[in-house]
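K.L.:
Sequences are here, hints too, so could you generate the full structure?
Respectively, the protein sequence lines represent chains A and B.
Quick note: the first sequence uses my numbering, first residue 112, plus one each step.
Quick note: the second sequence uses my numbering, first residue 66, plus one each step.
Hints are computed from structural coordinates only; laboratory data are not their basis.
Among the clues, some could well be false.
[What the hints assert, rightly or not] Estimated spans, in silico, between C-beta atoms of each pair:
(1) B:Lys105 - A:Arg233: 33 to 43 Å
(2) B:Gly212 - A:Pro148: 41 to 51 Å
(3) A:Lys275 - B:Ser100: 49 to 59 Å
(4) B:Gly212 - A:Leu141: 46 to 56 Å
(5) B:His181 - A:Pro148: 20 to 30 Å
(6) B:Ile329 - A:Pro148: 33 to 43 Å
(7) A:His328 - B:Arg200: 44 to 54 Å
(8) A:Ala181 - B:Asp218: 52 to 62 Å
Here the structure is a predicted model, which means the values were calculated and not measured.
By construction, the Cβ of each residue, glycine as well, lies at the ideal position given by its N, Cα and C atoms.
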Amino acid sequence: MQTLIDNFFNLEIVVAAWPILLQGFGMTLLLCAVVVPVGLAGGLVVALLSGARSRCLRWIMVGYVDFFRAFPPLVLLIFIYFGFPFAGIDIPEFAAVVLAFLLNSSSYYGEIFRAGIESIGRAQIDAARSTGLTAGQTMRHVILPQAIRNVLPDLIGNTLEVVKLTSIASVVALQELLYMARQAQSVTYNASPIVVAALMYLVLLWPLVRLLSRLEHKTLAGR
Amino acid sequence: MQLTDTTGSAATTADPGTPADTGRPILDVAALHKSYGALKVLRGIDLAVWPREMVFLIGPSGSGKSTLLRCLNRLEEPSSGSIVVDGIDIMAPGTDLNRVRQRIGMVFQSFNLYPHMTALGNVTLALRKVQGRRRADAEDLGRAVLGRVGLSDKADAYPHALSGGQQQRVAIARALALEPRVMLFDEPTSALDPELVGSVLQVMRNMRESGMTMVVVSHEFGFARAAADRVLFLDTGRVVEQGPPEQIFDAPQEARTRDFVRRITQH
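P.N.:
What follows is the structure in structure tokens.
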């Protein structure tokens, strides 16, 4: 029992590692605050382009979405960070992570937005256009608000995955939570910092998980 | 009979800008064709609708009456033909379609209200975004129009909290708020429970009395008989016969009209 506590819940080590864990947690928060909005915005653009009138553009978007959904995000990040310099492009860690997440999550968010937009029938477009709204105004004021409401659980679910996935930034030495916990763990020869990091992820994600459950129950009840 | 003659429609096209007067039709359709691939839905429709006129389009399903209505504001793209609304050729390449559409109100079978907005929100959206009115201004106007359809007390209600008849009246108010020159009704009462039909027809009757020009696709033959100035019978994409309701319903001249009217009135 004592061995368990010493190795996983060692208070002394937790106190010593606390400042750098907190610093890592801050970086993870910052990373989420950037990659989630960037992914959502990218996804919206992907969805809008996927519904474009030009067949050529639609095919390009199908290719984009298929490609990046099939591309393992860890491989993508490593390729960008360690591969780009071979082409003479040096890219800072943070930018590499944001780019990898933009490419990966915009294809997932894009498919969710597209499903939402397609769930809104032709009738709403007819009504809006018959009053003189442009296609863009119709999308913004009539289609998207309803579309987003219809796929809100999927958007939140995907956001959960994106937040969890930010831990892959540790492989390019970005000083986020997992990276800092691994540092503390290797310096102290103790797993307690990893446990604390896990708890911090839990604190970050639990409200989202709760919200998702509530929305899913509401959606089911509404059907 | 008020069939379009081509010289008349050429004259109206050549004379833009002046406000409509009784001397020219509000809606002037000539040689309108619409095909979906090989399927010809409209095969040369000529129709002039005059100010304050209420015109009913009737016909069997697939006769093209709804398609015709939807071509009149180019929700459906006509394959060929000309459509002049209030002196504006809406088929001309340079026409600002979104501006013209404010002059052509449209009411749909299934109401098509925006479910995420209140009744007032539904009525004011185009006032604000298309006409660029301030919110307060648009809301004053919106409340006034909701009052005209008997829904002053429902301004803040969401569509799901309204009955079908109330929803359809909100939809009418949404179109009316833009002060259209002509209103198109696509089977406005077909989705309503029988006891709710009356309230919508009453609103249409009031609009007629206040001088609105209307084109109505409907199976409410009792209402058509009482309120229509003219009834057009369409079949297989053509106007088979037109005339005052007494003629179409009581003394149709064409065999196809007779068959259709007999089948309908037998129910």
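K.L.:
Does each hint hold? Answer for all of them.
P.N.:
Structure-based check of all given hints:
no., hint, in the structure
1, B:Lys105 - A:Arg233: 33 to 43 Å, "22 Å, violated"
2, B:Gly212 - A:Pro148: 41 to 51 Å, "43 Å, holds"
3, A:Lys275 - B:Ser100: 49 to 59 Å, "53 Å, holds"
4, B:Gly212 - A:Leu141: 46 to 56 Å, "53 Å, holds"
5, B:His181 - A:Pro148: 20 to 30 Å, "23 Å, holds"
6, B:Ile329 - A:Pro148: 33 to 43 Å, "58 Å, violated"
7, A:His328 - B:Arg200: 44 to 54 Å, "35 Å, violated"
8, A:Ala181 - B:Asp218: 52 to 62 Å, "56 Å, holds"
Hint compliance for this structure: hints 1, 6, 7 are broken, all remaining hints hold.
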